[in-house]
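Could you build the full structure based on these sequences and the hints that come with them?
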Amino acid sequence: MIPALRNDDWSTILHFSGAVFFFLGVAVLLPVIIALFASEWSSAVDFFFTATVLFLLGGIFYLYFRPKKDAGWLHGMCITAFSWIISMLILAIPYYLSPHFLSYLDACFDVMSGLTTTGLVLIQDIDHLPLSMNLWRHFLTYLGGQGIIIVAVAFIPSIGVNFKAMVGEGKEERLSPNIKHTGRFIWLISFAFLVIGTLILFLLGLHIGLKPGWSLFHGLSMFMSTWSTGGFAPQSINALYYHNVYYEVALTVFSIVGSMNFGLHYYMWFKNRKAIFQDIETRAWFVSVVVLFMIMTSYLIRQNLYPSTFSLFRKALFILISGHTTTGTQTIYSAQFLNLWPPMVLICLIVAMSIGGSSASTAGGFKGIRMGILFKSIIQDVKQFFLPSHGVSVATFHHIGKQVLNDKMIKSTISIVLLYILFYVLGAILGVAYGYPAKMALFDSVSAGSNTGLSTGLVSASMPSVMKVYFILSMFLGRVEFFSVLIFITFLVRYITQRAIK
Amino acid sequence: MKKLFISKGVLLFLCLLFILNGTFFANANPPVKQAEKALTIREFLEHPFYWDQRSISLTGEVIGQVLFSGDQACIHLLDHEGNLIGVWMDRKLQEKISCYGKHGIKGDTVKVEGIFHEICTQHSGDTDLHATKISIVEAGSILPPAKVVWTRLWVSLLILVILSFMYLRFKQRKSQFSE
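First to last, the protein sequences are chains A and B. Residue numbers for the first sequence follow this note's numbering, beginning at 5 and rising by one. Residue numbers for the second sequence follow this note's numbering, beginning at 4 and rising by one.
It should be emphasised that the hints constitute simulated quantities derived from the structure, not laboratory data. A quick note: this is a predicted structure, and the numbers were derived from the prediction, not measured. All C-beta atoms, glycine included, are put in the ideal place defined by N, C-alpha and C. Please note that the accuracy of each hint is not assured.
Within a straight-line C-alpha distance of at most 27 Å, the following computed DSS-like cross-link-like pairs (lysine-lysine) qualify [said to hold, decoys possible]:
| hint | chain 1 | residue 1 | chain 2 | residue 2 |
| --- | --- | --- | --- | --- |
| 1 | A | 275 | A | 415 |
| 2 | A | 72 | A | 506 |
| 3 | A | 387 | A | 406 |
| 4 | B | 114 | A | 215 |
| 5 | A | 215 | B | 95 |
| 6 | B | 95 | B | 105 |
| 7 | A | 278 | A | 380 |
| 8 | B | 109 | A | 215 |
| 9 | A | 184 | A | 275 |
| 10 | B | 99 | A | 215 |
| 11 | A | 72 | B | 177 |
| 12 | B | 150 | B | 95 |
| 13 | A | 72 | A | 184 |
| 14 | B | 114 | B | 99 |
| 15 | A | 72 | B | 174 |
| 16 | B | 136 | A | 215 |
| 17 | B | 136 | B | 105 |
| 18 | A | 215 | B | 105 |
| 19 | A | 415 | A | 387 |
| 20 | B | 95 | B | 114 |
| 21 | A | 380 | A | 184 |
Some chain B residues close to chain A (C-beta under 10 Å, calculated; not the full set) [as the list claims (entries may be wrong)]:
| hint | residue |
| --- | --- |
| 22 | 106 |
| 23 | 130 |
| 24 | 163 |
In structure tokens form, the structure reads like this:
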């Protein structure tokens with residue numbers, strides 16, 4: 005029997021969601037300040053308007069809906085689903101009011117793409133974008149990467165939610181007994197890397213000829229984008245704009261570090277630096293990268309596309325890591341995926357994007373840990389076959405400490421992986437139904453569902469509205485790993501039907 | 004009961020067929036067909052093996068900032084379809100360009116003549132143009148700033164006033180309740 009949400013539960017959900025909206029309102033003041041400094045008056049007014057709408061909604065929810073009980077894990081799931089959807093609708097306002105979006109739906113698409121760290125865009129004329137809006141796009145990705153609930157929990161003293169709320173945002177590792185400490189540690193890591201990463205990219209920017217101000221802007225934007233495995237860039241040709249190997253290496257390193265489990269970061273900082281070599285997730289990810297890279301390069305060599313091994317490695321490795329960490333930064337044009345690279349390379353990238361990065365990180369996909377668990381369970385089943393009938397094979401693995409593989413783990417892994425695959429395939433079928441080539445439809449559907457952002461060119465403002473809505477849903481569900489949304493919908497339906505019966 | 008089950012099955016099958024056929028959704032908003040065949044960056048990318056290493060001329064707006072590598076400079080050209088490409092040239096050629104496009108500024112519109120490289124051997128596999136000649140078609144200009152809609156500001160201020168009242172009333176009620 006599914007429990008129904010009572011009015012008490014709604015008060016709790018709305019109260020904590022109000023805190024999230026209020027915090028986002030404060031965050032939106034950042035582009036207001038930048039716009040004022042850059043004399044972008046229209047943007048300043050639009051962002052200020054959005055901030056006040058968030059304050060109003062946050063204020064009403066926070067002040068007038070008092071929590072009757074502590075927020076439990078079910079509330080956490082519902083808070084995640086509810087606050088992400090409403091945040092998308094409100095944060096789309098400044099985008100829609102600017103001349104860079106053709107419709108409100110396009111604006112919602114880009115907000116969801118930013119919040120979920122996907123990186124697919126429908127924005128028009130990026131190269132003439134106001135500084136405030138351009139920086140805000142990247143900052144939104146940075147916020148979304150760490151999780152907006154986590155931000156609110158970490159920095160608003162009066163709110164405390166159950167740890168399971170973080171599972172709703174895909175951050176299931178408990179780093180310390182206190183949820184606030186966990187949230188703050190995630191932000192501490194992110195901020196430390198932000199300073200270091202921006203400095204490195206700033207220096208590299210100066211090296212390639214950018215003026216100091218622009219170099220800082222590009223460095224900050226690109227760091228926030230790659231660390232959050234987002235994939236946005238300040239210019240329309242993404243990372244190809246820099247034409248520099250060192251810049252690309254730095255972006256690759258940041259995206260790998262950003263796609264690592266925050267729990268593993270914590271473990272390496274405070275306990276065991278060698279944990280990275282033992283962890284099933286990093287091992288599975290590394291093996292997958294090596295195998296896919298070998299297949300990719302063998303096909304690219306056969307095509308004889310690249311003049312030197314260096315250029316082949318540069319392009320193939322950058323795109324593969326970008327796909328496998330679900331970052332989505334590109335150093336080739338979207339059209340070149342279809343017109344230049346052989347289909348087998350696309351298949352490798354689809355596999356890489358499907359798997360994605362680590363759990364409890366900023367990355368998407370069904371995650372390295374699940375791939376590792378699936379392989380372990382297959383090996384365990386094969387071993388079991390050779391054992392005597394009364395023998396039992398026990399499989400263990402390292403993931404933030406030693407763990408024993410059990411049936412519950414395998415079952416939940418299979419459920420989530422199947423849900424991801426279902427969403428990838430449904431998106432592809434929808435694309436084909438609209439007349440797009442199958443490989444194009446599958447590639448972009450996987451890219452959206454795994455929050456990657458690489459595109460063959462299907463995702464554009466001219467895409468049918470139904471597909472835009474589907475991709476918004478796919479990005480959102482992929483980011484929160486399905487269950488928080490499914491639970492919220494179940495509760496909502498049950499609440500409505502019960503009210504109707506009464 | 005059985006009849007109902009069969010009719011539901013048939014209905015579901017027909018719906019699936021309809022969707023897969025593409026006719027149902029295709030009428031609503033079909034994908035944009037590429038009809039235009041002018042020389043654009045998209046044309047180069049769609050027919051890479053034809054245009055690779057060929058002399059071409061491309062007109063577009065200069066965007067962003069100039070990058071340097073040794074005695075070469077790289078600018079970025081935005082064509083009328085909104086695609087951007089890197090253009091490498093000697094520093095002397097680059098000096099002809101005085102205005103680079105960004106927010107509020109339309110960069111110089113230039114006509115570039117040179118060689119298109121789908122995979123450039125000189126620049127480690129990047130897709131770019133190597134300019135041999137550039138000419139300014141139209142000088143850059145300042146774009147009119149976006150119009151400020153003041154109503155939005157007044158509404159925002161009104162919301163802030165309402166919020167302040169809400170907060171004060173909440174505080175008042177809270178203190179009354181605690182007394």
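Against the structure, the hints:
1. 275(A) / 415(A): violated, 31 Å
2. 72(A) / 506(A): Holds: residue 72(A) and residue 506(A) sit about 23 Å apart, inside 27 Å.
3. 387(A) / 406(A): With a Cα-Cα distance of about 20 Å, the restraint between residue 387(A) and residue 406(A) holds, given a limit of 27 Å.
4. 114(B) / 215(A): holds, 25 Å
5. 215(A) / 95(B): Holds - the C-alpha atoms of residue 95(B) and residue 215(A) are around 19 Å apart, at most 27 Å.
6. 95(B) / 105(B): Satisfied, since the Cα-Cα distance of roughly 23 Å is no more than 27 Å.
7. 278(A) / 380(A): holds, 21 Å
8. 109(B) / 215(A): Between residue 109(B) and residue 215(A) the Cα gap is close to 19 Å, so the pair holds against 27 Å.
9. 184(A) / 275(A): Distance ~20 Å between residue 184(A) and residue 275(A) Cα, so the pair holds.
10. 99(B) / 215(A): holds, 19 Å
11. 72(A) / 177(B): Holds, at roughly 16 Å.
12. 150(B) / 95(B): violated, 39 Å
13. 72(A) / 184(A): holds, 21 Å
14. 114(B) / 99(B): OK: residue 114(B) and residue 99(B) at ~12 Å, within 27 Å.
15. 72(A) / 174(B): Measuring from Cα to Cα gives roughly 19 Å; hence the hint holds.
16. 136(B) / 215(A): holds, 26 Å
17. 136(B) / 105(B): Status holds; Cα separation ~24 Å.
18. 215(A) / 105(B): OK: residue 215(A) and residue 105(B) at ~14 Å, within 27 Å.
19. 415(A) / 387(A): holds, 19 Å
20. 95(B) / 114(B): holds, 16 Å
21. 380(A) / 184(A): violated, 34 Å
22. 106: At 5 Å from the nearest chain A Cβ, residue 106(B) passes the 10 Å test, so the hint holds.
23. 130: holds, 6 Å
24. 163: holds, 6 Å
In summary, the structure is inconsistent with hints 1, 12 and 21 from the numbered list given earlier, while agreeing with the others.
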